[in-house]
Amino acid sequence: MKGKELLKDYVFAHIPGYAVAVLLIVVANVVQSALPLVLGRFTDDLQAGSLNYDLVSSFALLLLGIGITYGVLFGLGQYQVMRLGRRFEFEVRQKLFSKFSTLSEHFFSKQGTGKLLSYVTNDVQSVRESISNGVTQTTNAVVLLLSCIVMMVIGDIPLSLILICISPLILIPLIVVRIGPQIRKRSMNVQESLAGMTESAEEQFGGIRVTKTFGTEQIAGRRFGEKVDLIRSAQLFLVRLSSLFQAVIPFLGALSLVLALLLGGTQTLNGTITLGSFVSLTLYMRIIVGPLQQIGNVINMMQRSGASLERVNRLMNEEPDVQNEENAQILDKPQEIRFEHLTFSYPGSAEPALKELDFTIAPGQTIGIVGRTGSGKTTLVKLLMRIYEPPRGSLFFGYTDIRDLTLESLRERVAYVPQDGFLFSTTIRDNIAFSDREAPIEKVETGAKHAMIYDNISRFPEGFDTQLGERGVTLSGGQRQRTSLARGLTKKAQLLILDDSMSAVDAVTETGILDNLIQERHGKTTLIISHRISAVKHADEIIVLSEGQIVQRGTHEELLRREGAYAIMHRLQEEGLRHDEIE
Amino acid sequence: MTKSNNSPSTDGTSTKANRQTSFASSTLKLLMGYAKPHTLAFVGVAICALLGISAELLQPLIVQIAIDDHLAKGEGGSSLIRLGIFYLGIAIVSFIFTYLQNNLLQYAGQSIIARIRKDLFGHISKMSMSFFDRTHSGSLVTNVSNDTETISQFFTQVLLSLVRDGMMLILIIVLMFSLDPQLAAFSMLILPVIFVVAALFRSYLRSTYQQARSRLSRLIAFTAENLSGMGLIQSFRQEDEQLGRFTEQNRKYWDANLKQIRSNVLFNRTFDILGNAALVLMVWLGGRAVLGQSMEVGVLYAFVSYIRQFFQPINQITMQWNTFQSTTVAVERIQRVLQTQPNVGEPLDTERVSLDKTALRGDVDFRNVTFGYRPDRPVLKSLDLHIQSGEMIGVVGTTGAGKSTLISLLNRFYDVNQGSIEIDGTDIRKFSQSDLHAAVGLIQQDPYLFAGSIIDNVRLFREDITREQVIEACRFVGAHPMILRLPSGYDTHLSERGSGLSAGERQLISFARILVFRPKILILDEATANLDSETEKLVQQALASVSKGRTTIVIAHRLSTIMHADRILVMQNGELTEQGTHAQLLASGGHYADLYRHARQSGREQLPS
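Quick mapping for you: the protein sequence lines, in order, are chains C and V.
Once you know that position 116 of the first sequence is 116 in our numbering, the rest is easy, because the numbers rise by one and skip nothing.
Once you know that position 586 of the second sequence is 586 in our numbering, the rest is easy, because the numbers rise by one and skip nothing.
Check before you lean on any hint, since a few could be wrong.
[Claimed, not checked] DSSO-like mimics (lysine-lysine), calculated; alpha carbons at most 27 angstroms apart, straight line: (1) C:K537 with V:K537; (2) C:K110 with C:K99; (3) V:K252 with C:K99; (4) C:K115 with V:K548.
Simulated from the structure, these hints should not be mistaken for laboratory data.
Predicted model only: the values in this text are computed from it and were never measured.
Start from the sequences, fold in the hints, and give me the full structure.
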């Protein structure tokens, strides 16, 4: 099966490492299992009176030697296995992140950030745990169990006695495998109810103004209380099973001791076994409980991690939606951009988002695109950037189909300023110089000046080195948009796309930015998308989109003169005017 | 901001040491207060715990008796069987009571936590609005969920460990001394060693654990951010650069992991070796004692077993110390919230005037009001403003002019420093807050939606408001067609983020709320900002119908929103500088006329000249 290759490759690549670890653990356990045997011998010798003070000391030294050898060897083996497990985690994370950066927006929108993050955290972790603990604990348990039995036999304890005494303990892994998953299910239930309460608290505190202004605090309290009670019952449901589990394992341990006491005791009295053997038998029964419990845990863990491993593998085998075609060409010089009867639907959607788009952008032109939310403005940009693949034969750079261009060369020549003003949690400088992190500060400052954010940034104590994000400064919506604009301008690309990127900027600043833009972008192609007419007024051509279609095109003045969508939009923004005229 | 109502324990003048002791004791006080109704349950837990540990505790003793009284002497077949059956009995008792103890403890603990959570929530929702202005709602959520969860661990883990492991430890010591005082005295030497090793390692383990945690959360935050910004990374071709930064984070986490593994393995193995060393000590000392005939073989066996049993409870107890510390911090945080009193108090019973909603006219008077968030910096200065029943007032002014403050005062989110605000001639401080809030409705810029159906969002989960009333209200504000277009109509489930409703559609729902709750005075605080032109039109129409028969105050920075008000107020630096109709203000050529000209010239708003 293909699903296991990630893990298999890793383990195969680290066979010597694992072999050393397993060897260490095996030796450690064999050594440890001698401990009760030695204690048994000691008891017998003590009982027989064949000991002297020196012999007592050498017994003590032998036991000390066993203890230290076991501790050191097992520690080393355990460390080695855990280190390898973490290494696996590290490497898989690297691979995952590289993989993410090849995948397209379509994939991300399908999966959601939360789900993708759980690949990097939960899934990787669960696979790692299963190999670390799997190796350590399985080796541990099997070797310890076997060597304990061997040691008991060496210690002249009849096999039948051993097996009878062990029999209750054999139930332990069975119980763990049976109850374990159920406990897990119930504890996930607890986690969910906790998350539900957190969510409810977030919701209630977020809406506290509404609650208070309408005086419905009582109702809010009641709704929150319901969530709290859910946690309580989930917890009690869990504890009913988990405490049974906690109680039953020592009970089975005690049971096997009762058997050892009764049967072993009788045989000691009969003289079948010595007192020392009896002592070591009881000690062995205690040692075995732990490993048997671990075997059960490992089985449960393996089952869970199997699903995780498969998920990670599936992701690694995901084909990117958008990738270079064979013999893709390099976009090396400014070209006209031609839309030829472009019709596009999002994957899985029946309704086309763009219909029969047909127009050409000459190099150096400034084009404005206006239209309502959902009219297809942003879709157009996504196709131009190949965030989604346009159908073949509908979008050309010069005479080359956009799909025959390499993604690298295309994106190299396009600068994109998104609507949301997304910034990374790093310094402002790093954000503005995003296209070239080594850019000199002068270049960054020029970009900031053009985007009219320079003054704001200089006012921060640390200026351009100000850290943004959770552990730094939070910018206002308008400041974010302008910083993001500076980032786009600093790239100095042949084609600049502004996707409604000044919506949170005030009017005076917007005018200033547009003036800078006209100067700065002279001779280069600029595409301005906006729902506000003021942002596109100066464009060489304005395209009005409605429901994915071009309904009007022309300059601001031309469009105003004609009766149509643009003029209506213009008037809608002038609502006050008409009232005033009537009065 | 005023924090004068906080308790003396948060007073900055008390020394740090003082604070810590007072918190530690008040931690216990608070928890004890909540635990008190469950005293019986806790006594039960202690008894159950005692019976629950009996099998483990008595096991070495029973083997000792078997060895010394029977096996070593070679006698007593039937009494050996009795001993075995006795032990079986104890095992069963242990089994039952361990089970009971866990359930009982969890029951008591969970009941306490549920109580704390509800109390905390109730207390927070009583706070005045100024509290929510200065307290981030995220930190309140943390108080209610994480902090209480830590306390829950205190009850189910710390307390249990103290009782169960503590008893275990003490009883082992007692049994050892009763078996052989001399050897017991020797083994007591080991006890402090174990404690010291465990305690030292614990704090080191904790620090490595926390380091790994914080690096992991940074790694996750980095990944989350990069996933959200992947489109940008790709369009700026920064995949390699970002991978490099990811590697840096990933490597840091891996380093922290190795450190954690090392310290964990070292701790566990040291403890192991220490355990074996203790055993060796017993064998050596005990062996010599048996040789000297001062001790029996079985007693030695019991000692060897008990000394190994020492380690588990000590390990557990030191582990709980960390949880206990987190509990203190959590309780401290919760207490700080519980001790904060609402800034705005309810009127005394003797002064209270009840507000009859049906008889309310809706006159609003600001009489010589002075107010500042800090008394030395007044935001409103001697403001006099009289609004008549049914009037529609527009308020404009630059940011910081005091527009929103006006609203906050009328809603009594804050109390005035001087002067008074009256509704129908009665000082609003004489109304109960629920009466006041029922009389004054507020619509804000970003309408908040709760997780629930549209019906519930309009009636705010009040079940005495019927579905028909809600639908009628929605029809009235023009939201009905929009709602019918949704997949499940009025039963469509909404969430905080709005589930596909546009800002304007959400605003329509908040207008419907007003119609259902029928406040006599209505305030709109930038309620039409951020809407696109078309939805704004819908909202304007809704406003027109909602404001009928109500005193309405509209705050807006878009002049088109308030141009048609009965009266426009212009605020500058906390003072009322101009008022009148649109035409009057334009004619007077003051600040309003300036604002109007600027808005027109910027092209942002298409306004008539």
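Hints and how they fare:
Of the supplied pair hints, the one linking C:K537 and V:K537 holds, its CA atoms being roughly 23 angstroms apart against a limit of 27 angstroms. Proposed proximity of C:K110 and C:K99 is supported: the alpha carbons are some 16 angstroms apart, at most 27 angstroms. Under the criterion of a C-alpha separation no larger than 27 angstroms, the hint pairing V:K252 with C:K99 is consistent with the structure, at around 21 angstroms. Restraint check for C:K115 and V:K548: not satisfied, since their Cα atoms lie roughly 49 angstroms apart, outside the 27 angstroms limit.
The earlier numbered hint that this structure contradicts is number 4, and it is the only one.
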